[in-house]
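Number of protein chains: 2
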Amino acid sequence: MKDLYPSRHATVAEFLPRHDSVVHGDWNADAPITQEQAERFDRDGYLVLEDVFSDAEVTYLQREAGALLGDPDALEEETVITEPGGREVRSIFRIHAQSHVIERLAADARLAGVARFLLNDDVYMHQSRLNYKPGFQGKEFYWHSDFETWHVEDGMPRMRALSMSVLLAENTPHNGPLMLIPGSHRQFLTCVGETPEDHYRQSLKRQEYGVPDENSLAELAHHNGIIAPTGKPGSVVIFDCNIMHGSNGNITPFPRANAFLVYNAVSNRLEAPFGVDRPRPAFIAARGEPQVITPITGPLMEEALT
Amino acid sequence: MKDLYPSRHATVAEFLPRHDSVVHGDWNADAPITQEQAERFDRDGYLVLEDVFSDAEVTYLQREAGALLGDPDALEEETVITEPGGREVRSIFRIHAQSHVIERLAADARLAGVARFLLNDDVYMHQSRLNYKPGFQGKEFYWHSDFETWHVEDGMPRMRALSMSVLLAENTPHNGPLMLIPGSHRQFLTCVGETPEDHYRQSLKRQEYGVPDENSLAELAHHNGIIAPTGKPGSVVIFDCNIMHGSNGNITPFPRANAFLVYNAVSNRLEAPFGVDRPRPAFIAARGEPQVITPITGPLMEEALT
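Chains as they are written, first to last, in the numbering used here: chain A, 40 to 345; chain B, 40 to 345.
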């Protein structure tokens, strides 16, 4: 199969054309978002949906997050990621398979329905995680396109995936929120160099390969600017798989927390990686026959009571 | 002399009362700031003056900053501070004594006149520096009260000093701008532990002693909030010597740069340090007979041409 998005092969970075749509479906009156929202997602590569979940639902999710973060020994060991040089839990991967509450969240029609529309296909969970960025000592996460990594290291063929960050703590301008470069999803920026074996063990903590070069980042940021959506718990930030994003550290006392869900189109399921011999493990990138998500309507808590 | 602000003596932090005014003068119609500004400074501990310097003056200052940062070998070696583990210049101290342009800036009536009013005394330069926080890799600077350090390590007796940050690059919400906790200047938060000898060599790069405890910081931030003044080059952020402040790192391509000037009242000149045997060197904290500043009016460039 021809590699439409070759990366980490050359010594010089370049911008390549995007061969895939951003909004894969045609908007119609039955769509779960407005036409204006669909156009904005297409143009900017991200969308903020405010107050998607009620206060009661947020409390319910926060309680679950606290329970999971507070008892990491109950989880699959490899899915628990700590701060570099620290013991504080920073992320728990494959959380939809380890928590019924998060499984229900991922299937919620308010999320999965939007993913199905934007990707115009059945969807499945490519990756999920619970992120907790503690106050005072939260580390930065450098700029990257998720797709670049998913393509090179996991074998995702095309740009037909998206991420949803369900805010479980308030995003302020000061606590190291997700920063995005609007419009940067419209080109594919190659990264230089090659990828060492088992790179993922380190890259979950600190990115060193698959890192965009400073000149290209400066060009993107000067041309498009940088935005950092703020929002209250219960809001959702949706962003395209190829948008350039990162986050600064956080010395404020205010932690950041979110449930992070990556939806992929079933037609875009993983193949062999495009840049490494051995794919990353399944807890980071689901492989094999996709488990198609059937959207569920109604409050999150109802399901939990059955 | 009784130590009104003891710190680093105990194992538990505490909030002590402030025994000094914030605005030391009485406002009158001749004051260089409005009554509302004076009241705001008193209440919040900081003030932003927008567009103090013209575009031509900003260009003139930026050119001088570039020349100084670009040729550190021409400067007193100990005044040049690099990033931890790097060679990029982060700060140049005692810059008013090494650059006629910055000396003129420090004497400008738009700055020194305001300092004289707020401190109600003749003023001198306690410390000056040129700060440059590069894009992509700019490190964080943890929360601290300047006065705590100036008192313990330099021997500044009372809270009768203030800082002015003259912006030479745009402060955006994303490039690691100065963050302040409004109102935190109204109490003195003691720090725990003792200070090792020659602590200053490290502390200019990374603060390890004289660090406020997390519980007290959380209390301050939850009660007062956090603000990060944004502004264009030529704006000035003035803040009280005892306000709690810090800054996050900066992964954006946008650098931060400012000229940082600390004015102290001549009546508040340094004595023996209150918490260490040997004071820090004079390039960090001016000692001896103060060199009183006589405010100069008119554009910055005129002086340079004489």
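Take the hints with a grain of salt, since some may be wrong.
It does not matter which identical chain is meant; a pair holds if it fits inside one copy or across any two.
[Said to hold, decoys possible] 20 Å max Cα-Cα, derived SDA-like pairs, lysine to any residue:
1) LYS271 <-> ASP94
2) LYS178 <-> SER130
3) LYS178 <-> GLY285
4) LYS178 <-> GLY337
5) LYS271 <-> ASP161
6) LYS271 <-> ALA260
7) LYS271 <-> HIS261
8) LYS178 <-> ILE72
9) LYS178 <-> SER306
10) LYS41 <-> ALA311
11) LYS41 <-> VAL128
12) LYS178 <-> PRO212
13) LYS271 <-> TYR99
14) LYS178 <-> PRO294
15) LYS271 <-> PRO212
16) LYS178 <-> GLY124
17) LYS271 <-> GLY105
18) LYS41 <-> ASP160
The set of hints was computed from the structure by calculation and includes no laboratory data.
Hint check:
no.	hint	verdict
1	LYS271 <-> ASP94	within (10 Å within a copy, 38 Å between copies)
2	LYS178 <-> SER130	within (12 Å within a copy, 23 Å between copies)
3	LYS178 <-> GLY285	both (11 Å within a copy, 15 Å between copies)
4	LYS178 <-> GLY337	neither (36 Å within a copy, 45 Å between copies)
5	LYS271 <-> ASP161	neither (29 Å within a copy, 48 Å between copies)
6	LYS271 <-> ALA260	between (26 Å within a copy, 18 Å between copies)
7	LYS271 <-> HIS261	between (28 Å within a copy, 16 Å between copies)
8	LYS178 <-> ILE72	neither (34 Å within a copy, 40 Å between copies)
9	LYS178 <-> SER306	neither (36 Å within a copy, 43 Å between copies)
10	LYS41 <-> ALA311	within (12 Å within a copy, 73 Å between copies)
11	LYS41 <-> VAL128	neither (39 Å within a copy, 46 Å between copies)
12	LYS178 <-> PRO212	both (15 Å within a copy, 17 Å between copies)
13	LYS271 <-> TYR99	within (15 Å within a copy, 43 Å between copies)
14	LYS178 <-> PRO294	both (11 Å within a copy, 19 Å between copies)
15	LYS271 <-> PRO212	both (12 Å within a copy, 18 Å between copies)
16	LYS178 <-> GLY124	both (11 Å within a copy, 17 Å between copies)
17	LYS271 <-> GLY105	within (18 Å within a copy, 41 Å between copies)
18	LYS41 <-> ASP160	neither (23 Å within a copy, 75 Å between copies)
Checked against the numbered hints above, the structure violates hints 4, 5, 8, 9, 11 and 18; every other hint is satisfied.
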